[in-house]
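Chains A and B, in that order, are what the protein sequence lines are. Under my numbering, the residues of the first sequence are numbered 1 to 220, in order. Under my numbering, the residues of the second sequence are numbered 221 to 705, in order.
Think of the hints as simulated: they come from the structure by calculation, not from any bench. Since the structure is predicted, the reported quantities are computational estimates derived from the model, not experimental observations. Please note that the accuracy of each hint is not assured.
Partner residues aside, some chain A positions facing chain B, computed with beta carbon under 8 Å [to be verified]:
no.: 1; residue: Leu12
no.: 2; residue: Val18
no.: 3; residue: Leu22
no.: 4; residue: Pro102
Glycine is no exception: its CB is placed at the ideal position from the N, C-alpha and C atoms.
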Amino acid sequence: MRILVIEDDPVLSDGLKVGLGLCGATLDIVSNCADGHAALAADEFDALVLDLMLPDGSGLDLLAGLRSRGDRTPVLLLTALDEVADRIRGLDAGADDYLGKPFDLEELAARVRAISRRNEGRATPQASYNGVTLNPARLTVTVNGTCIDLSRREFAVLAALMDRPGTVLSKSDLEAKLYGWQEEVESNTVEVHVHKLRAKIGRAKIETLRGIGYRMRPIA
Amino acid sequence: MKSLRGRLFLILVAATSLIWLAATCWIYVGTTREIESVLDARLQEAARMVLSLASGNGVGVAQREGDPGQAPEVLNYERQLSCQIWSLDGRLVARSSGAPNESLSDKRAGFSERHINGETWRVYTTEDTAKGVRVLVGDRLGLREHLVGEIIKGLLAPLLLTIPLLGLLIWASLNQGLRPLQVLAQELRRRNADDMSPVETGRIPAEIRPVIASLNNLFMKVRNAMQHEREITAFAAHELRTPLAGLRTQAQIATMAPDGDTRKAALRQIIVAVDRTTRMVRQLLAMAKLDSSHEVNQSSVNIGDVIEEVVGALPAADRTAEVRTDPALKSAVVMANKELLLVAVRNLHENATRHMQQPGTIQWSMEKGSDSLVVFVDDEGPGIPDDEIALVTNRFFRGRNKSPLGSGLGLSIVEFALRANGARLVLQNRRNTRGLRAQIVWDIAQPDESPRSPKSSYEFGFKRSATAAVAAQNTTGAATNAEIV
Chain A
1 MRILVIEDDP
11 VLSDGLKVGL
21 GLCGATLDIV
31 SNCADGHAAL
41 AADEFDALVL
51 DLMLPDGSGL
61 DLLAGLRSRG
71 DRTPVLLLTA
81 LDEVADRIRG
91 LDAGADDYLG
101 KPFDLEELAA
111 RVRAISRRNE
121 GRATPQASYN
131 GVTLNPARLT
141 VTVNGTCIDL
151 SRREFAVLAA
161 LMDRPGTVLS
171 KSDLEAKLYG
181 WQEEVESNTV
191 EVHVHKLRAK
201 IGRAKIETLR
211 GIGYRMRPIA
Chain B
221 MKSLRGRLFL
231 ILVAATSLIW
241 LAATCWIYVG
251 TTREIESVLD
261 ARLQEAARMV
271 LSLASGNGVG
281 VAQREGDPGQ
291 APEVLNYERQ
301 LSCQIWSLDG
311 RLVARSSGAP
321 NESLSDKRAG
331 FSERHINGET
341 WRVYTTEDTA
351 KGVRVLVGDR
361 LGLREHLVGE
371 IIKGLLAPLL
381 LTIPLLGLLI
391 WASLNQGLRP
401 LQVLAQELRR
411 RNADDMSPVE
421 TGRIPAEIRP
431 VIASLNNLFM
441 KVRNAMQHER
451 EITAFAAHEL
461 RTPLAGLRTQ
471 AQIATMAPDG
481 DTRKAALRQI
491 IVAVDRTTRM
501 VRQLLAMAKL
511 DSSHEVNQSS
521 VNIGDVIEEV
531 VGALPAADRT
541 AEVRTDPALK
551 SAVVMANKEL
561 LLVAVRNLHE
571 NATRHMQQPG
581 TIQWSMEKGS
591 DSLVVFVDDE
601 GPGIPDDEIA
611 LVTNRFFRGR
621 NKSPLGSGLG
631 LSIVEFALRA
641 NGARLVLQNR
651 RNTRGLRAQI
661 VWDIAQPDES
671 PRSPKSSYEF
681 GFKRSATAAV
691 AAQNTTGAAT
701 NAEIV
């Protein structure tokens, strides 16, 4: 899961990067609206965690701009302004959830998971397809009832493929889900991860469409 | 006298009584004089009448002789009057009943007064030399005084009876007259403690309008001060939430970190966050203190000494930069409050220190012109983006080139402390090199200029109100290298 955080406090954004990273997400952090706009234009994110009071403007304006462009990225507002009126204003401006500072890291992670799975059109916390069940909250995967141990990256690849089973994800799509901007990506990393993943969950579960990408193999 | 009503009541009653007293004295004197002339005329009249009667009745000197004690009483006149008829050779011929035997007067004619048996008599004497009789008619002065007394008593009695009534009327009128004050007092009493809305001046009499105006003025001041306080508190609460959120998040990471490196990194971040929060709290307290101290005691302060004191007291961690101080500063003496100047210089210096990423030089210098004294501090940090320069003195404003420890309060504090000292803060980026130049400017007052009042500094406000804050951030965005801790 790739999350963009727009937050100007360095300690807090570092905490979000590390903390949500521990929960299995890939984080990109920017500290002002301008960089936020640029990031949203350049990449696709599974969720956006947005502070309201930013040095170069209000997060609400950024949110309004985002929604007016038709961007459906789930947005969680994370702000010190958490009076009821602020929350209402934020939600009515197009946010999907609202969390006042200070907050609990695990609650934030759970809320982010919730808004992003809703965005995938899924209500159940686990994603299941063709015998594979993925629990994003616990970072666990079971195949036909057997618990499988995956690395963080392998889990991320599987989660990306399971989000919309049946749709094909290209190599670069998967890279974008796996790595933030600062991370170096080796040219064949995705192949390596897919290879290891297949070894663990069964070769037949993931299908390669040569020259296009990967997808979960449809149920026969 | 505590009560206005009691005071007015006493004044009114005393004034009324005084007027009555004066009027009574006037009447007394007038009546006495009038009665005297009327009674004197009566004496004259009576004497003449008796004289003519005495002559007509043939009461002659020759007919009556003998003991004055048995002189016949010819006239049973009113008891108020006494009459004696004497022969010219000194015999008492006749007297009215109640008249003394002793001669009422030694005078041969006209009015006279005489003490007889402890009583004063007013006597009119007339004589008829042809018949050889002298008639003396007198009355007691005591009677006259009694008469005047009766008249005055008749006059005063109703007045005395009306005094309680008058008092009641005065009291009632006072109540009515002082009603607006009562209404005002009631309105003020009814108010909530934090109701600072102005008192209505619509139906208030002109006399207490100045009081109401002062009161409303005071309300306004208190309201502004309260609002100011509330804004600071709200902002402080708000601004502390983000570092607290950072602290909490890092603490949670430290507890759930799978490896030692992550935990250590989180703990290091916690230390940074605690430092920053500590600093912010300290700055907030400094600001609250500045806000509440409206009285500024000024004395001669040597700027060079102040800078030396600040630089000397810096913690070792802040001493990476080389500090150069212009020796001329030692000769610069201004009238200022040393505490406030220390706060300003310390903040500016810390600011310069914290924004220098590499080792460099912080230069304190000065320039004295004919109309101003300017103290410069130049650093080699990143400077302030031009669009943020106007915003950096706003409270809690943190711009793009912020230091991790900044609270967004430092420059705001500097500006306040300098204004209280009659100086200005001017910030500009250095032209030919990187870094910021902060200037403390004292305008030397021209003789016709009124001196800057330290009081005016209180106007220095909290530029971002709670709601305006977001707006301010929206419009420009910013922060500063000059952010002080």
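Evaluation of the provided hints:
1. Given the 8 Å rule on beta carbons, the hint for Leu12(A) holds: about 4 Å separates it from the nearest Cβ of chain B.
2. For Val18(A), the interface hint holds, the least distance from its beta-carbon to any beta-carbon of chain B being 5 Å, beneath 8 Å.
3. With its C-beta approaching chain B no nearer than about 6 Å, Leu22(A) sits inside the 8 Å limit, and its interface hint holds.
4. A hinted interface residue such as Pro102(A) counts as satisfied when its beta carbon comes closer than 8 Å to some beta carbon of chain B; here the least separation is about 4 Å, so the hint holds.
Violation of the numbered hints given earlier is absent; every hint is satisfied by the structure.
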